[in-house]
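Chains as they are written, first to last, in my numbering: chain A, 1443 to 1717; chain B, 924 to 1225.
Bear in mind the hints are in silico, worked out from the structure with no lab data behind them.
These numbers come from a predicted model, not from an experiment.
Where is the CB? At the ideal position from N, CA and C, for every residue including glycine.
There may be inaccurate statements among the hints.
To be verified - Here are the simulated lysine-lysine pairs, DSS-like style, with alpha carbons at most 25 Å apart: (1) A:1447 with A:1541; (2) B:1030 with A:1447; (3) A:1541 with A:1634; (4) B:1032 with A:1447; (5) B:1136 with B:1146; (6) B:935 with A:1623; (7) A:1543 with B:935; (8) B:1035 with B:935; (9) B:1035 with A:1447; (10) B:935 with A:1447; (11) B:1030 with A:1541.
Stated by the list, open to error - Quick look at which bits of chain A chain B covers, simulated, 3 or more residues with Cβ under 8 Å: (12) 1524 to 1530; (13) 1581 to 1589.
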Amino acid sequence: MKKSKSLSQLVLWITLLVGLFLVASPILWVVLGAFKTNTEIFGSPFALPQSWKLDNIITAWNLGNFKTYLVNSILITAGGMLIVFLVACPAGYALAQLKFKGSKLMFYFFLLGIAIPIQSIIIPVFYQAKSFGLINTLTGITIISAALSLPFCVFLMRNSFKDVPSEIREAAVVDGAGEWKSYFMIMLPMAKPGVVTLMVYTFMHIWNDFLLPLVLLVSSDKYTLALGLYSFNQENVTEYGYIFGGTLISMIPSLIIYMIFQRQFISGMAAGSNK
Amino acid sequence: MGNKLNGSLGLKRSLRNWIVVISFLSPAVLLYGIFMVIPIWEAIRLSFYDWNGSLTADLNFVGLRNYTETLGDPIFFLAFQHNVYWMVFDLIVMVLPVLLLAVMISKVKRGKLFFRAGYYLPAVLSLPVVAVLWGKIYDPLIGPINVFLRAIGLDFLALNWLGNPWTVLTSLAIAGVWAFYGLYMILFLAGLQNIDYSLYEAADIDGAGPIRKFWSITVPSLKNTMNVIISLVIINGFKSFGIVWIMTMGGPFYKSELLATYIYKAAFINNKFSYGSAGAVMLALVVVILTILFNSTREKGD
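Chain B with its partners taken away, still in its complex shape (with noise of 0.2 Å):
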């Protein structure tokens, strides 16, 4: 009897308590599964149809079709060695640059703040703000680079930046670099606040000099912090998309196409929305992939 009774209070205890879990989570569920989880289902499905975008359309099954045409197709191959060269300028320019910037700014005693809030600025700003910004600034005519050209007499190297097949590509790179350094530069901030500062002082008995301590404490115990960011490098220069999409289109002669502009123009151009959708897939893979390999590796360091 009282077991009976403990149990029907168990159950509506229960019962009462799924009740306030879904309460509380079901708007979210909902949310981002309508407008994210069925579309990663949709996006991998359409892959394997050939659909032209209209709801009314049939769908056909064509199997590994939109694959092997899309893995046929040179220009995406040329957009993922473009994705690849963004991400290894990405490497080159941003990781020790930036983490000596940060280091520099933590080193300084008067205004700190003030720097910080300086060079974050560029970060606040649209990628729509920073492609125009940028667009006119490599402008043939009125861009500051060619005027300056220019007036010291280097006419000759006054080029087109975003017309020329030879530069675009890394001039679009650039104003990358430009809009997103201020991010890693605070994360690297952050991980300089939590070095053990007597490391430091060890070294300094030591008679170690300031690049010395650089590279034998700063850098080591940054280890995670560098791998969080050397991640996100990797996996932005694979999303990038705004810079590109309204500066340059992916041209010219598909010289800057990344990835996700091309796409975008398979789906939203050129109608080609299963063939896009292939696309679509191998980006996410290479992305999750990435994201996985890292986090297992920061994993394993910890």
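If we strip away everything but chain A, and leave its shape as in the complex, we get (with noise of 0.2 Å):
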């Protein structure tokens, strides 16, 4: 009996782990063809390549502007992901905690956003940016993604601050601090894990979109890493290697990110299920 749980154990061990090696291979094809030359990527497409040199990397680098498309993608995940922490969650803090008329029929407003396809209404999204004159700009950006990704962040937060016990608030209010202060000071930090999880799903939702970028922004300048690695490919069709390169460059800063917050993206994924 025992032996045989070993060995089933060890089946599904291997067959897992062949499992994974499939389903990461794309991945590891890009990185090994991103050290290739264009001859060593036609001639020998599986094999490693004959020396690990940066030339493909470094090219596209300065090549495709990826420095900017960088600095444009931090700029607007972070001041997106500050937007979002400052709004959604005194909102869900209001939706869970406070009460007052019409909780109920705010709650259910904020909840037609989640359902609402961003696709449907790209169309008058774009035109509104154009009336602030937001179009073109990493502002406008910042401030549009943060907006369409409120709905399910204060969604989030209502659920986080449910589960704090509506006792301690109660109590902070009747020693003489004020809502805000109660909430800053004794709330917040015990919604932790839920900011958490917003944080990481927002990070997502807008370093990974690919969407609004690709509406709202126009010159290359102001481009992120997503919408640059669409047009750097499409300027480059046929240089593999740069190519290759290039999509390196933009899958290692979601990557580095994901290894070291790897548990609580899981958990902001699974409690977000967005891309």
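Assemble the dimeric complex from its two separately framed chains, guided by the hints.
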């Protein structure tokens, strides 16, 4: 019995490992391709690169303006995360903890936004951005990215603040602390797991977004990493080596963040169920 | 007198309460209102007008003309069919196989976290990364699929996967599965953790085999997770855009056109903004109705 158990474990383990190799092989293929010359890419697509030269990556970095894209992505994502933190947390808190007429209605008002696909409202969003002068500006895309992730973020924070017992807030308010003070000093720290999930979700949402940058950003000096790779690919279709290099560059930041915040990532995305 | 004092105190308190509520909620309401609620309203309004997109041009009310034209366009209908195909493909290759994967990961004793993290990896990448990557995998010249097929002598099978009208949609859908399955795997893993372990012990005593246990314990216990995942797969099937836009732009010959690429093209390539809005409203209707439908069956099931 015991022997067959450990044998089945071994079979299971090997199956999973082989499967993982297959699933990860596209990523491995790009990483290897980034170090190959075009001759190698054509001649020996499955082999290891002859030498680990960074030529493709450096050329892609310079040719494709990836430094600008990276900086833009960081600014937009960080700004968006800050806005979401400052705006979604208090709103979720109010919906979960404060008693007022129409709070349920307000909750449904936000819920509506979760169901609406962005593709359906992208045309008026573009015109709204245009009338506010927010086309092709980093500020504009930062604000609008944050705004479009708000419905889910408010929903998420409302659920997190529901888990905090309301007696704690009442005690703090009776002690003379104002609502805002008790929110910042006591309630927000208690909802920390929810805030972490919120930040992971927002990071993924804004960092990886493609449609909004495609519609709102016009000149390449404003592009994000995701949009930049798209245009770099279009401009250099036949330069396989450079494209592999550019793809690798675009992958690295997400992979690093994923490795550091792996646990939070997985629970955050399970909560978000979105990409 | 005492009553009056209480009354004005109560009024003051309720006023203060409202100020607090407004101070917490108004930033979110404003941002969400300006960039989502107004656009939802505008999308609906625009769809009844004829408008070329210029801010100074006049709006002409045309009633349902945009809708009848959209519904009469065979390409719109084709796009809708492609979305349905995409959705059915995802339901077949994603739901049960990914559940099986999740069960295997939950059963393995060594390296559980390693496998979970590894299998989730593709889900971390942005859609442009996924699309560029798979665009090269399907490349007729250097793509590993064709290189492999040629190497084993199956040259006639080495197709131009994205250029061939018969293979393009499935090829794109496969890339989509690769990009999204990690999400569903995580949801299944979370669901598996909540299954009452004693059910399996009871089944062991009854002498049930692993396949029997899978169908009569695991699958029924995951009813809610399954419902969430199936609804997400269907809704995401209707929302697909990035992968297709980057890899084929809906081509060749509209053979990979989806509703979202159709709308995008109508509005931003052909400047038919009000026409595109009609398609956009119909897409939103489908997604919202599906969402409500799934939520109501879920609540009934609870």
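Hint check:
1. A:1447 with A:1541: Roughly 56 Å between the alpha carbons, so the hint for residue 1447 of chain A and residue 1541 of chain A is violated.
2. B:1030 with A:1447: Given pair residue 1030 of chain B, residue 1447 of chain A holds - Cα atoms ~11 Å apart, limit 25 Å.
3. A:1541 with A:1634: 22 Å, holds
4. B:1032 with A:1447: Holds - the C-alpha atoms of residue 1447 of chain A and residue 1032 of chain B are around 11 Å apart, at most 25 Å.
5. B:1136 with B:1146: Judged against 25 Å, a Cα distance of about 15 Å means the pair holds.
6. B:935 with A:1623: Given that 25 Å is the threshold and the Cα spacing comes to 20 Å, the pair holds.
7. A:1543 with B:935: 16 Å, holds
8. B:1035 with B:935: Violated. Residue 1035 of chain B to residue 935 of chain B sits at ~58 Å, over the 25 Å cutoff.
9. B:1035 with A:1447: Holds: residue 1035 of chain B and residue 1447 of chain A sit about 17 Å apart, inside 25 Å.
10. B:935 with A:1447: Answer violated: residue 935 of chain B to residue 1447 of chain A is near 71 Å, above 25 Å.
11. B:1030 with A:1541: Violated, at roughly 46 Å.
12. 1524 to 1530: holds (count 4)
13. 1581 to 1589: holds (count 4)
Of the numbered hints stated above, those contradicted by the structure are hints 1, 8, 10, 11, listed in ascending order.
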